[in-house]
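**Student:** Whenever a hint applies, use it, and build me the whole structure from the sequences.
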Amino acid sequence: MSEANKPASLAQLVARRKAGHSLEADLYTRPDIFETDMDLIFGRHWIYVGVEPDVPEPGDVFVVDIGKTSVLIVRDDDMQIRAFHNVCRHRGARLVDGPHEQVGNLVCRYHAWTYSLEGDLVFADHMGEDFDKSCRGLKPVHLRSVAGLLFICLAEEAPADIEDMAAAMTPYLVKHDIPNTKIAHSVDLIEHGNWKVTMENNRECYHCGANHPELTIPLFAYGFGFSPKTLDEDELEQAKRYEDLVKDAHNRWEASGLPSREIEHLADRVTGFRTERLPIDQSGQSQTMDTKVACKKLLGNITDPALGGLSFWTQPNSWHHFMSDHIVTFSVIPVSPTETMLRTRWLVHKDAVEGIDYDKTTLTEVWIATNKQDAHLVEVTQSGLVSPAYEPGPYSPYTEGLVEKFCQWYMGRLSAHLETVA
Amino acid sequence: MSEANKPASLAQLVARRKAGHSLEADLYTRPDIFETDMDLIFGRHWIYVGVEPDVPEPGDVFVVDIGKTSVLIVRDDDMQIRAFHNVCRHRGARLVDGPHEQVGNLVCRYHAWTYSLEGDLVFADHMGEDFDKSCRGLKPVHLRSVAGLLFICLAEEAPADIEDMAAAMTPYLVKHDIPNTKIAHSVDLIEHGNWKVTMENNRECYHCGANHPELTIPLFAYGFGFSPKTLDEDELEQAKRYEDLVKDAHNRWEASGLPSREIEHLADRVTGFRTERLPIDQSGQSQTMDTKVACKKLLGNITDPALGGLSFWTQPNSWHHFMSDHIVTFSVIPVSPTETMLRTRWLVHKDAVEGIDYDKTTLTEVWIATNKQDAHLVEVTQSGLVSPAYEPGPYSPYTEGLVEKFCQWYMGRLSAHLETVA
Amino acid sequence: MSEANKPASLAQLVARRKAGHSLEADLYTRPDIFETDMDLIFGRHWIYVGVEPDVPEPGDVFVVDIGKTSVLIVRDDDMQIRAFHNVCRHRGARLVDGPHEQVGNLVCRYHAWTYSLEGDLVFADHMGEDFDKSCRGLKPVHLRSVAGLLFICLAEEAPADIEDMAAAMTPYLVKHDIPNTKIAHSVDLIEHGNWKVTMENNRECYHCGANHPELTIPLFAYGFGFSPKTLDEDELEQAKRYEDLVKDAHNRWEASGLPSREIEHLADRVTGFRTERLPIDQSGQSQTMDTKVACKKLLGNITDPALGGLSFWTQPNSWHHFMSDHIVTFSVIPVSPTETMLRTRWLVHKDAVEGIDYDKTTLTEVWIATNKQDAHLVEVTQSGLVSPAYEPGPYSPYTEGLVEKFCQWYMGRLSAHLETVA
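First to last, the sequence lines map onto chains W, G and D. So the first sequence is numbered by this note's numbering: it starts at 103 and just counts up by one. So the second sequence is numbered by this note's numbering: it starts at 103 and just counts up by one. So the third sequence is numbered by this note's numbering: it starts at 103 and just counts up by one.
Since the hints were derived computationally from the structure, they do not count as laboratory data. Take the hints with a grain of salt, since some may be wrong.
Identical copies go unnamed one by one, so any copy, or any two together, can satisfy a pair.
[Claimed, not checked] Subject to a maximum C-alpha distance of 25 Å in a straight line, what follows is the list of computed SDA-like cross-link-like pairs (lysine to any residue):
| no. | residue 1 | residue 2 |
| --- | --- | --- |
| 1 | K241 | V488 |
| 2 | K398 | R246 |
| 3 | K284 | R363 |
| 4 | K170 | D128 |
Just so it is clear, the structure is predicted and the values come from calculations on it, not from any experiment.
**Tutor:** Encoded structure:
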């Protein structure tokens, strides 16, 4: 930072945020703001990190790194899933490399200190008589499974309102039976932008028409907002038909016991979320290139392949699409001020057989292509907004409302922190 | 920075600069000084970035990045050249990747916001009725062509004295007819040193004898200063003959309408510069391995190939050599405290044909070799001066006078800034 | 650093250090603490960097870089070894690339300034009449050879107690005749951890059993401490036998004029050190896979191959093992907060011939394997202790006593500095 310019304080950045506009460049670029994000946002909120099928069997361990914090998620012999800090209590060695391992106990490779799957220290040689093993168990991390989706919270006290989200979402999610799925494919993609640029890109489809030729096959063009003024009569008629289609589908699905209507708490909760089940174009079945199911074996006890797509978005870091045959689930983990990891998983029924029930390319091609396109847009945005000439620009009131909700949530969380320390 | 040492302030560094000596290591190494340089020097002075032949046709766009600032230079349908910030006014995406593209309008790939070649926003979908396009045009950047050499200034107010430089230099430059050249070859070289080490290395030829076997074929050994005390009688006689040769050449060239005598304002102007036309050894024609023209088609309406070499140096970031047949032009752009981009272009007559009128190797080999040698010297200097044992050493009063002028200019500009903010 | 957390001051970190426990993560990770270490520890103590055989002949130059400071060690025509800063006094260019070169004089490649092997400036062209060469000699660096081991100190005033260490150690070392050895093999390994993690790993063998299958062939399991409570009767008997074995060996070796008993000043001296000659298992000869000498030509005038291994540890940065046939010597140089260079050299008699007297693989395989294993442990420890969940853990009172001495020495040196500036 040049002597000529002093950086704005967090309080200043919060106070001068212009509603309905993209954020100031400082918030997307400054290393100290990144540390603040890792502390206040990723250190104190519920972070979506994986699914129960990450640890299907006793002794299965799954490791996720959030900034400098490494967490291991382990299933014990009684099938309970727990999360611990992945750090030996002796000299701090990382216990498990990960991402997935199978263990009997958790043994540190350095001096063989040994922990049970419940996190207790059960062996430590040469430590003498005064040494109390009971004080040296692995440090626990909050973990909550929402119908099979795993959320962790690194803070000592985790936000209690995850229970509200779980209560609201479980009826939507159970039908897709996440615990009885398996991970058919997983990709970690590093996007060259701040995590908030990645999240904002996810929260609108204004860019879809010009950038996502694959995704816009199953998704309806009118499903993500539009300015009525720019439509001609034909287009207005189509938009109206889409509105009716959604209403009819919701009525039909809900009548058959499938919760589908929108719930939206993106900006008014600590644990913000939104959900809605939306029709899929053409055959109405799945987010694939031909809109048909990619996996013949449907999830849980689903029999109708044409359930559309249940979408679920959380603040600060996830989105998910649940179809009759498969689930695509996305976890966003910041890596640096300008690098973000997007972890995408495709889940199918645990008994589905690759090559027989599903073909991996057919299953994954829409979102592999879409992710790559989004990663490019994120990079192009990050590389542009670093310019001193950048200033926050206006969001479209018709197509970028959820981007604004993300920004409101984010600024609100910073604001709440500032009030706490004031 | 260790708690044991507090870094010197900019004012302290300016106040204690020792005239006639290299700068303190802090000025070549500290990240905050680099930011200061990017702000005060590269953000507020005229920076040489390219030539009119970078954008020969309407719709041609040329992109140059200076630190975090990306600038696009575009020629419109009326042949006017303009510069704009390369940032979409919506969410900040970089508009043009560059370095060279051909466009109809400037369309942002993210949400298709569209700007005319004059920078006006002409299309933005879904923005609603209250949206005023006229406030959302591309932000302009100052641009001045000096006889075809393009200078930009990122400040709101650009130094006015570029007009003095343009008035003085245009008579020297017009003969070489830059607008009617083409870029025959271009190389971007990253030197592993601070940009001021790169500039200082350019401002003396004390190192030429030991390091530049190719460049010292066309250049005279006595052309860059010497201590008379170290010459024997023979050498003194040769030095005298060189002095007479320069005088005769200047008289002859000026009589034929070719301005040639030295103009020197390196340290006494905001927009510092120096020029002089100097004889070339042997055939007297060009900076090539055999000193003869590399391009049979001479520039503009030149007929005499033996015009020597007109050199033009600017503060803070360029130098240029104009011969009868070709031009070599150098632009220095800092990349980091210890990395500097040197962009070298070789220009020939726009109608010259490669393989017939010129051979690219013959055209470029002297400066490709010389740049590589200089890059090594810059790296060796940067890697040495980081040592706590380094202290500013004395410049030779005979051979490093222009290095001292560069340092005077630089310290003068910092000093002027400190007076402004005091 | 997030606004939410202010980093602890050096004084706070020193004051709250918990005895008998690993250090706080800040001390292993913070860039400013790294700068402090480079300044207070590596800038003001005696640093082990090489051996007299690094510069066997007049004109031999050896370059070692410690942080930003580059030092050249040169042997002059009278066989004297000196150390200088590797920086030209003109414009700061690095003089010698290194690591090993042969020169007549020390000539700067930039402008040919020329220094004698004694560091005097003997030639500098074009500098004019007022230029005084006598003020522009190379800046000297303190150098002390302890029986052939080269220590340098970058401070103006070097700790005087190296003379105590030299007096105590020379009788132990002379028998192995370092000046008449040669470097048979040298490896620079970058470990991905803080230099203190590397040092602590060296100061215990608690981790050897689980990690060093090769090293534990020549080394006795009981030689590095154990908790008597965890041994069964058989093991206690073996431990007792090992104790007797050491006593007998010391008596026998000392009777034959070979100093062997422990000297320990790791934490109570500015120039901390420890030494002891220890038995080797099986044949008792050398740290090799079959415990026999790797070089048929023994060092100096040694005739008995079974001298065990004389170990020598220094604070802050070295350890060494001297056998009858070869020496392994280790120098630790920090590179960044999380990168450390471990330079390992294997020395044999200077007249030993590779392929006849020794095989390089046999000579080096134990420590090449051990270093690789240690580098992995260092990386695993560094990657774990960055977690906010890490807290200093307890050292074993039986097996990690020398780790604690290292920490005591380090904290003591920081503490002494704080008293000076208070």
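**Student:** Within a copy, between copies, both or neither: which one fits K398 and R246 at a CA-CA cutoff of 25 Å?
**Tutor:** Neither, since 31 Å and 66 Å both go past 25 Å.
**Student:** Checking K284 and R363: alpha-carbon separation at most 25 Å within a copy, between copies, both or neither?
**Tutor:** neither (27 Å within a copy, 63 Å between copies)
**Student:** Pop the pair K241 and V488 into one bin, within, between, both or neither, using alpha-carbon distances up to 25 Å.
**Tutor:** between (39 Å within a copy, 15 Å between copies)
**Student:** Between K170 and D128, at a C-alpha cutoff of 25 Å, which is it: within one copy, between copies, both, or neither?
**Tutor:** both (22 Å within a copy, 13 Å between copies)
Comparing the model with each numbered hint stated earlier shows that hints 2 and 3 do not hold.
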